[in-house]
Amino acid sequence: MQTYESRAAQARSEAEEAKLDNVRDRCLRAADAWEQMAERVRRTDQFRATLAADKARAAGLAE
Numbered sequence: 001m002q003t004y005e006s007r008a009a010q011a012r013s014e015a016e017e018a019k020l021d022n023v024r025d026r027c028l029r030a031a032d033a034w035e036q037m038a039e040r041v042r043r044t045d046q047f048r049a050t051l052a053a054d055k056a057r058a059a060g061l062a063e
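The sequence shown begins at 1 in the UniProt record's numbering and counts up by one.
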């Protein structure tokens with residue numbers, strides 16, 4: 001996830017430095033894509049943690 005966040009920050013930085021509108025737009029689109037990927041990783045991690053907790057709870061009830 002850190003990789004995605006750092007790439008998003010890099011793309012935003014490049015967008016700020018861009019002199020051409022199309023380059024700035026491309027960098028901003030890239031930053032948005034990296035941020036969406038980071039968010040997907042966060043959601044997946046949260047889902048996996050919830051699933052593991054549910055399984056552990058179910059295993060405790062089964063004993």
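Honestly, the hints are just simulated from the structure, not real lab data. Mixed in with the good hints, there may be bad ones.
Simulated DEER-style distance windows between Cβ atoms [unchecked claim]: (1) ALA49 x GLU14: 30 to 38 Å; (2) ALA59 x ASN22: 24 to 32 Å; (3) GLU17 x PHE47: 35 to 43 Å; (4) ARG42 x GLU14: 40 to 48 Å; (5) ALA56 x GLU17: 45 to 53 Å; (6) ARG43 x GLU14: 54 to 62 Å; (7) LEU61 x SER13: 44 to 52 Å; (8) ARG48 x ASP21: 27 to 35 Å; (9) LEU51 x LEU28: 33 to 41 Å; (10) LEU20 x ARG42: 26 to 34 Å; (11) GLU5 x LYS55: 23 to 31 Å; (12) ALA59 x ARG26: 47 to 55 Å.
The beta-carbon is built from N, C-alpha and C at its ideal position, and this holds for glycine as well.
**Message:** For a quick check of understanding: which of the numbered hints are violated here, in increasing order?
**Reply:** Per hint list: 2, 4, 6 and 8 violated.
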